[in-house]
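Colleague: So the chains spell out like this:
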Amino acid sequence: GAVVSQHPSWVICKSGTSVKIECRSLDFQATTMFWYRQFPKQSLMLMATSNEGSKATYEQGVEKDKFLINHASLTLSTLTVTSAHPEDSSFYICSAARTGGPYGYTFGSGTRLTVV
Amino acid sequence: QKEVEQDPGPLSVPEGAIVSLNCTYSNSAFQYFMWYRQYSRKGPELLMYTYSSGNKEDGRFTAQVDKSSKYISLFIRDSQPSDSATYLCAMSSSVISSGSARQLTFGSGTQLTVLP
Chain P
1 GAVVSQHPSW VICKSGTSVK IECRSLDFQA TTMFWYRQFP KQSLMLMATS
51 NEGSKATYEQ GVEKDKFLIN HASLTLSTLT VTSAHPEDSS FYICSAARTG
101 GPYGYTFGSG TRLTVV
Chain V
1 QKEVEQDPGP LSVPEGAIVS LNCTYSNSAF QYFMWYRQYS RKGPELLMYT
51 YSSGNKEDGR FTAQVDKSSK YISLFIRDSQ PSDSATYLCA MSSSVISSGS
101 ARQLTFGSGT QLTVLP
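Chains P and V are the protein sequences, given in the same order. Residues 1 to 116 in my numbering are what the first sequence spells out, letter by letter. Residues 1 to 116 in my numbering are what the second sequence spells out, letter by letter.
Some clues are possibly wrong.
Here are the simulated distance ranges between beta carbons [unchecked claim]: (1) Ser53(V) x Thr82(P): 41 to 51 Å; (2) Ser73(P) x Arg77(V): 34 to 44 Å; (3) Phe39(P) x Ser12(V): 21 to 31 Å; (4) Leu74(P) x Glu15(V): 29 to 39 Å; (5) Val116(P) x Asn55(V): 44 to 54 Å; (6) Thr17(P) x Arg60(V): 24 to 34 Å; (7) Lys20(P) x Ala29(V): 50 to 60 Å; (8) Pro40(P) x Glu5(V): 18 to 28 Å; (9) Gly16(P) x Gly59(V): 47 to 57 Å; (10) Pro14(V) x Asn70(P): 47 to 57 Å; (11) Gln1(V) x Val3(P): 28 to 38 Å; (12) Thr113(V) x Lys20(P): 30 to 40 Å; (13) Pro81(V) x Asp65(P): 38 to 48 Å; (14) Asp66(V) x Lys66(P): 25 to 35 Å.
Hints listed in this document are in silico derivations from the structure and should not be mistaken for laboratory results. The C-beta atom is built at its ideal place from N, Cα and C for all residues, glycine as well.
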C-alpha cells in the first residue's frame, strides 16, 4: 500500500530558530503533496499545496515566507518553519496524492512542533 | 455555512454497538468521498473511498453516499475499543489523476469512544 513517511515525529526548538519537516512517499511518486496544520481537537487546516518542480500554492492567511515549502522530487516535500515562535507550536501533517487510481490521499504520521 | 458539516461529538458507545457517523455537504460538485480515522497524535489513515452514490462495505465498515441528499455515512458494526478515534469525512470534486491533485475538503471530525 501507499506509505508516506514524515520526519521528525516531534521536535522542540527555541524561539527564533528554523525547523525543517520532511515528507516522503516511500513506494509511489507524488506529484502533489499537501501540508496541513491541526490544533488540538480540531480538523485539518490546509496550509499549502506543493507541486513537484514548481512553487507551492499557499492558502489565504498562510505566510509563505514563514512556511517555506520545497518539492524538489516526486518523492520528497519539505516544510521549513522559519523564525519559529511559540504560536507556531502545532501538529503539522503532510499528505500525498497517489495518482492513477482510486487510492485517495495518504497522510504522514504528523510532526508535533513545540517552540519554547 | 461550511462546505462540509460533521457532528463533532463526542460520541460514546458500548463495545459491540453499531456506530453511525455522518456528514452533509453543500457542494454538488463533490463526487469522491472518503472516511479517515485519526488516532490521537497520529496522521489520518484512509478507511473508505467511494465514488458517487451507493454503498461500499469493507469488513465491519460500510460507507454510504446519497448524492441527492448530499449526505454520507459511515457505519461501524460490532464496534471495538480499538475503534476509539476521531473520524473525518473528506470529499473532492475530481479524481486524483496525473498532474496536480485537487485538495480535499474535510469535515471537522467526530470523536468516538467505544467503551469496553
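Colleague: Determine for every hint whether it applies to the structure shown.
Modeller: Quick rundown of the hints versus the structure:
1. Take serine 53(V) and threonine 82(P): their Cβ atoms lie about 46 Å apart, and the range 41 to 51 Å holds.
2. Separation of serine 73(P) from arginine 77(V) is about 42 Å and conforms to the stated range, judged on CB atoms against 34 to 44 Å.
3. For phenylalanine 39(P) and serine 12(V), the hinted distance range of 21 to 31 Å is satisfied, since their beta carbons lie about 23 Å from each other.
4. Between leucine 74(P) and glutamate 15(V) the CB atoms are about 44 Å apart, so this pair departs from the stated range of 29 to 39 Å.
5. Between valine 116(P) and asparagine 55(V) the C-beta distance comes to about 49 Å, which sits within the given range of 44 to 54 Å.
6. Range check, threonine 17(P) to arginine 60(V): Cβ separation about 46 Å, and the 24 to 34 Å hint is violated.
7. A hinted range of 50 to 60 Å for the beta carbons of lysine 20(P) and alanine 29(V) is inconsistent with their spacing of about 36 Å.
8. Distance hint check: the CB atoms of proline 40(P) and glutamate 5(V) are about 21 Å apart, consistent with the given range 18 to 28 Å.
9. A hinted range of 47 to 57 Å for the beta carbons of glycine 16(P) and glycine 59(V) is consistent with their spacing of about 49 Å.
10. In this structure the supplied range 47 to 57 Å holds for proline 14(V) paired with asparagine 70(P), their Cβ-Cβ distance being about 48 Å.
11. Checked against the hint of 28 to 38 Å, the pair glutamine 1(V) and valine 3(P) passes, with Cβ atoms roughly 36 Å apart.
12. Our hint of 30 to 40 Å for threonine 113(V) and lysine 20(P) holds, since their Cβ atoms are close to 36 Å apart.
13. Taking 38 to 48 Å as the suggested C-beta distance range, the pair proline 81(V) and aspartate 65(P) conforms, at roughly 45 Å.
14. Between aspartate 66(V) and lysine 66(P) the beta carbons are some 42 Å apart, a value that contradicts the proposed interval 25 to 35 Å.
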